[in-house]
Amino acid sequence: MSWIGWAQIALVLLAVTATAVPLGGAMAAIAEGRWRVLAPVENLLYRAAGIDPARGMGWRAYVLAMLAVNLAGFLLLYALLRLQGVLPFNPQGLDGVPPWLAFNTAISFVTNTNWQAYSGEAAMSYLSQMAGLAVQNFLSAATGIALAFAVIRAFARGGASDLGNFWADLTRVTLYLLLPLCLVFAAFMVAGGVPQSLSAYVTANTVEGGTQTIPMGPAAFQIAIKQLGTNGGGFFGVNSAHPFENPTPWTNFLQSWAIIALPMGLALTFGRMVGDRRQGWAIFAVMMLFVVAGTLATYAAEAGGNPLHLAQGVAQGLGNMEGKEVRFGTSASALWAVITTGASNGAVNAMHDSFMPLGGLVPLFLIQLGEVLPGGVGSGLYGMLVFVLLAVFVAGLMVGRTPEYLGKKVQAREVKLAMLAVLIVPLCILGFTAVAAVLPVALASVQDAGPHGLSELLYAYSSAAGNNGSAFGGLTADTPWMNTTLGIVMLLGRFAVIVPVLAIAGSIAAKPRLPQSAGSFPTHGPLFVGLLAGVILILGGLQFLPSLFLGPLAEHFAMLAGQTF
Amino acid sequence: MHTQTMAAVPLSRVVLDALRKLNPVTLLRNPVIFVTEVVSLLVTLLAALAAWRGAPWAFQAGIAVWLWLTVLFANAAEAVAEGRGRARAESLRRARGETRAKLLARPDDRALWHWRDAPELRENDVVLVEAGDLVPADGEVIQGIASVNEAAVTGESAPVIRESGGDRSAVTGGTLVVSDWLVVRVTAAPGNSFLDRMIALVEGASRQKTPNEIALDILLAGLTIVFLVAVASVVGLASFNGVAPSVPVLAALLVTLIPTTIGGLLSAIGIAGMDRLVRFNVVATSGRAVEAAGDVDVLLLDKTGTITLGNRQAAGFFAAPGVAEAELAQAALLASLADETPEGRSILAYARERHGLTATRPEGATVVPFTAQTRLSGLDIPGQGSFRKGAVDSLSRALGIEPPAALKEAVERIARAGATPLAVSRDGRMLGVIELKDIVKPGMRARFDALRRMGIRTVMVTGDNRLTAAAIAAEAGVDDFIAEATPEDKLAYIRNAQKEGRLVAMAGDGTNDAPALAQADVGLAMQTGTQAAREAGNMVDLDSDPTKLIEVVEIGKQLLITRGALTTFSIANDVAKYFAILPAIFVAQYPGLAALNVMGLASPESAILSAVIFNALIIVALVPLALRGVRYAPVGAAALLRRNLLIYGLGGVAAPFIGIKLIDLLLSVMGVF
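Protein chains in written order, with my numbering: chain A, 8 to 572; chain B, 13 to 685.
Do not take every clue at face value.
Output of the computed footprint for chain B on chain A, the stretches with three or more beta carbons under 8 angstroms from beta carbons of chain B [as the list claims (entries may be wrong)]:
| id | segment |
| --- | --- |
| 1 | 216 to 229 |
| 2 | 403 to 409 |
| 3 | 453 to 467 |
| 4 | 517 to 531 |
| 5 | 539 to 550 |
One side only, chain A facing chain B, incomplete, derived with CB under 7 angstroms [said to hold, decoys possible]:
| id | residue |
| --- | --- |
| 6 | A419 |
| 7 | V422 |
| 8 | L430 |
| 9 | P433 |
| 10 | S554 |
| 11 | F556 |
| 12 | A561 |
| 13 | A565 |
| 14 | A568 |
No wet-lab data here; the hints were simulated from the structure. In this text, all values refer to a predicted model and were calculated from it rather than measured experimentally. For glycine and all other residues, C-beta sits at the position ideal for the given N, C-alpha and C.
Chain A on its own, in the form it takes in the complex (with noise of 0.2 angstroms):
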């Protein structure tokens, strides 16, 4: 560890930070319709589709809307992947995609996954890229945001029955925040050195005397609404390990805050739009908490460098460089691997499967901690909600009064719902991994013996079911019964959240919003944040813990004791 790399670090959560309070106030004027600048263009596009933006829909109708919208999307890119062979924007000539694959990478970017079962240069035409994977990337990440939107309304109204209109919510997230921060974005990488180009991929004539093809593509755009979006999935197979993707130190500084500038910021707009700003405060603060702790755990696993190389006599002076890009370091590497999973993105500028096993340890366990810390756009905030929901009526009742956050009591139903919520992404993870783990069809992709194998099978369906959409590596993904499995796991990691989440929305926005006094605690400063914090351990955590054992913790002890797998 170097005070650089802490410097680096420091650096970007600083930048967060900072921006979190504009991106926060923009957001809530997005949401609460106070930014109109490009109305005639909103109008044209409510004409067209004969939508009344004005008009607020339940929760009901909020997530019929926004099934229907993903459903469409679910099936044209499919659609489009099938039939890439035959369609324009494709120089290199690539073949369509084969059924499994497809409906796993059309669910994979409906859900905001973006798990890759195939390679970008190698499988996808610029037509899939661009009119396929991009058009999902915002529109997953609108609907997250304008699900988000939907929730923090029914906690600033109260006795209401309506919870904003979709269609409104998702033009204007899309108008007014994803493409202006990503055309600005975008011509940031453009000038960091990443293509936006429709060429042909170039051969280039190798010193050695070989040829050498480079992929070429309308990269950097992508990348923009890649990171800023949570979506992560790479333009090329490497995604921002590559050098086209990820050029210089300062691209990568950039894309690890584009990773959680909105996320972050979605917390500090819940707190303005409930009237509130210290709520929005409790809640950044947590997320930040976690990311820091989680930077320091993973920093200080893998700068230590591997001890069996050092036994070895290996110098090991810039720490546990396998599978790291040189140009970015250990630091560096290790915040994005945090904030990538910390944050359901999913990008990656390094291999976690060549982490030390406390230094992969770490993603691991918080995407299986719900993508909550700071989420995916939208989504982090909403099942972050939850985990509030969850906390205030533990420790509430410990104040003698029916639990209540934000004047709104926590009652049966909430309850119920949570912990649907809540149950959903364990059953998931641990379910599905238990049976792979069995299962020699699914065995057969792992690479791996020992526990480190199993942490790429249960990193495989903890991404999946996070909709994180990183890989640990060392698995086989493009086989039919793997593209099956993830994909059933995203699209439950997703709408079967998505719905309780809603329906809670739902039944807290009908609820009177009730005066605080002084015998409802208080939820926010140092007390909340801590009493939050542990309860995002212990109910969202705790029950990894035997995975966890036989993966991570088993493979680093083992490691200690000079065997490896």
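Chain B: place on chain A using the hints.
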């Protein structure tokens, strides 16, 4: 405390009940304990199978025994709570006895009646109850006046007056008429009387889960499912690494992880909360009402009798110009010597207190009694003078003089403050006035402050005018008041507060209180009140002390706090249990995992068994707390949360580390494993 609470119910009864509650059908109500029972059965079968096959079985049997004990301890906790209620119910039942009623053929003819067994009485039957008879059913007195001993219900043996009309017309079945007679119209169908409801409540038979209990049940069921899946997944995950944990070990892991502690104590906490209320001589019609009491934001309290003592007392002497206060006090004392009213007594007490004056009636003194005509009273003492006291205008008129200007001012000031001025004269000369005040009960201000810290607003309800009400409100330290209150005003105030989302509690006794009592979220009716009021409220105070509303709120809060604290404790316990059991399961395959055996437990077997034993014993250890309730202090929500999180949250994380280690040491010393 421990032995005390346990001793209240015979141990044999508790054991029998705990065994009876093993019936899986009844246990289904409690999913956590039900799962524990199923798992216990499974492990028992496996242990038996192992023994039959000649395989090692002692460890499995050990786990099985402690899993069963976990279930039994949980059942016993409930049985103890129920047992204490049942003891009270038995005495109530005895009170009810086999009553026969004198059923009147016509309400207005007391001579014509015939015997009818009490259980066969119907609503609106009219019965005659004479001295020595038990009141056969709840009802309304429609004729007569009698003294009634209500000890059977209230525990208070001094008889109370019951009469037709007015606010003391309700009689309770099972109480004894000790003098005179009453004609009573039956208002409760058999089996639905006050006594019946009380018996059902304390026995826990009619106990329905309260809203918060339902929510908590859902949380616990959800956690049980999560851990079921987590433990089941261990089979698959471990097989990948070539480890095959045995079923009893996984069973141990499962049972220690699911929230058995709170699952086992939850219903005991609820029953005990009800019992605390009953022992406090308040009967609630449902647990829901008790829970609502904890949520109350606004407390409506009658001024007279609740906030103030209800009778006026001397609180100041204001002498006329040129008169020493001591002279006035002396005159007031003598003028009141023969006055036996509480007001008169209070003047004597005040004179003694302020000026150290005492007096006995001098020889030859003539008492001038109060009459409606003169509205004056006093004492003529030969040689000393003639002393009078009375309302200021009465005295002025009688003496034919106007009080001096300075005195007039004092009179007005006293009246403005809601007190009553009483003038005192000696030999036709007005010496000054006594201030008679309705005194705020001692300690009320502190209690209102405590309530405010918990976010509860107190509102004083009074028939006084605004000015008077404002003065008393300020003195008592209430947050708001309703002056010149009519029943409609009260109702409107409650509705308004509820519209703002506040929960309101009030106490009342009269029939005109009934609508407000029914509207309030917590309506505490007085046992001495009318049947209408008792029907409208959702609690009845057998001591008829409206101040108790405050304690009722505290009991409600304590109930919720106890549930929350034990839930937090139970969930926080899991951390240590993982660190006991997980290394033990996998250490054979991965010896390095011994580093995570942070408690340094002796062997895998002893580690697992210690965790299971701790998990069972902690239920027993917490029974007294569940029955007694977690201490409640009105320090405000933030401080309360900090304190309870520290004790039950952090304590819940730490306690099992220590407990499991101790049990492990004990097992090693005993050489078990």
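Each hint, compared with the structure:
With 0 residues having a Cβ less than 8 angstroms from any Cβ of chain B, the segment 216 to 229 of chain A misses the three-residue criterion, and the hint is violated. Three residues within the 8 angstroms Cβ limit are the bar, and the segment 403 to 409 of chain A against chain B gives 7, so the coverage statement holds. Here's how the segment 453 to 467 of chain A fares: 6 of its residues keep a CB closer than 8 angstroms to some CB of chain B, so the rule of at least three is met and the hint holds. With a threshold of 8 angstroms between beta carbons, the proposed coverage of the segment 517 to 531 of chain A by chain B holds, since 10 of its residues qualify and at least three are required.
With 5 residues having a Cβ less than 8 angstroms from any Cβ of chain B, the segment 539 to 550 of chain A passes the three-residue criterion, so the hint holds. The interface hint given for A419 (chain A) holds, since its Cβ lies 4 angstroms from the closest Cβ of chain B, which is under the 7 angstroms cut-off. The restraint placing V422 (chain A) at the interface with chain B holds, with a minimum CB-CB distance near 4 angstroms, inside the 7 angstroms limit. Checking L430 (chain A) against chain B by beta carbon gives a least distance of about 6 angstroms; that is within 7 angstroms, so the hint holds.
Because the beta carbon of P433 (chain A) sits about 6 angstroms from the nearest beta carbon in chain B, less than 7 angstroms, this interface hint is met. Interface hint status for S554 (chain A): upheld, as the beta-carbon distance to the closest one in chain B is roughly 6 angstroms, under 7 angstroms. Hint on F556 (chain A) holds. Least Cβ distance to chain B is approximately 5 angstroms, under the 7 angstroms limit. Interface hint at A561 (chain A): satisfied, since its Cβ lies 4 angstroms from the closest Cβ of chain B, which is below the 7 angstroms cut-off.
Evaluation of the A565 (chain A) hint against chain B yields a held restraint, the C-beta minimum of about 6 angstroms falling below 7 angstroms. Checking A568 (chain A) against chain B: minimum C-beta separation of about 5 angstroms stays under 7 angstroms; hint holds.
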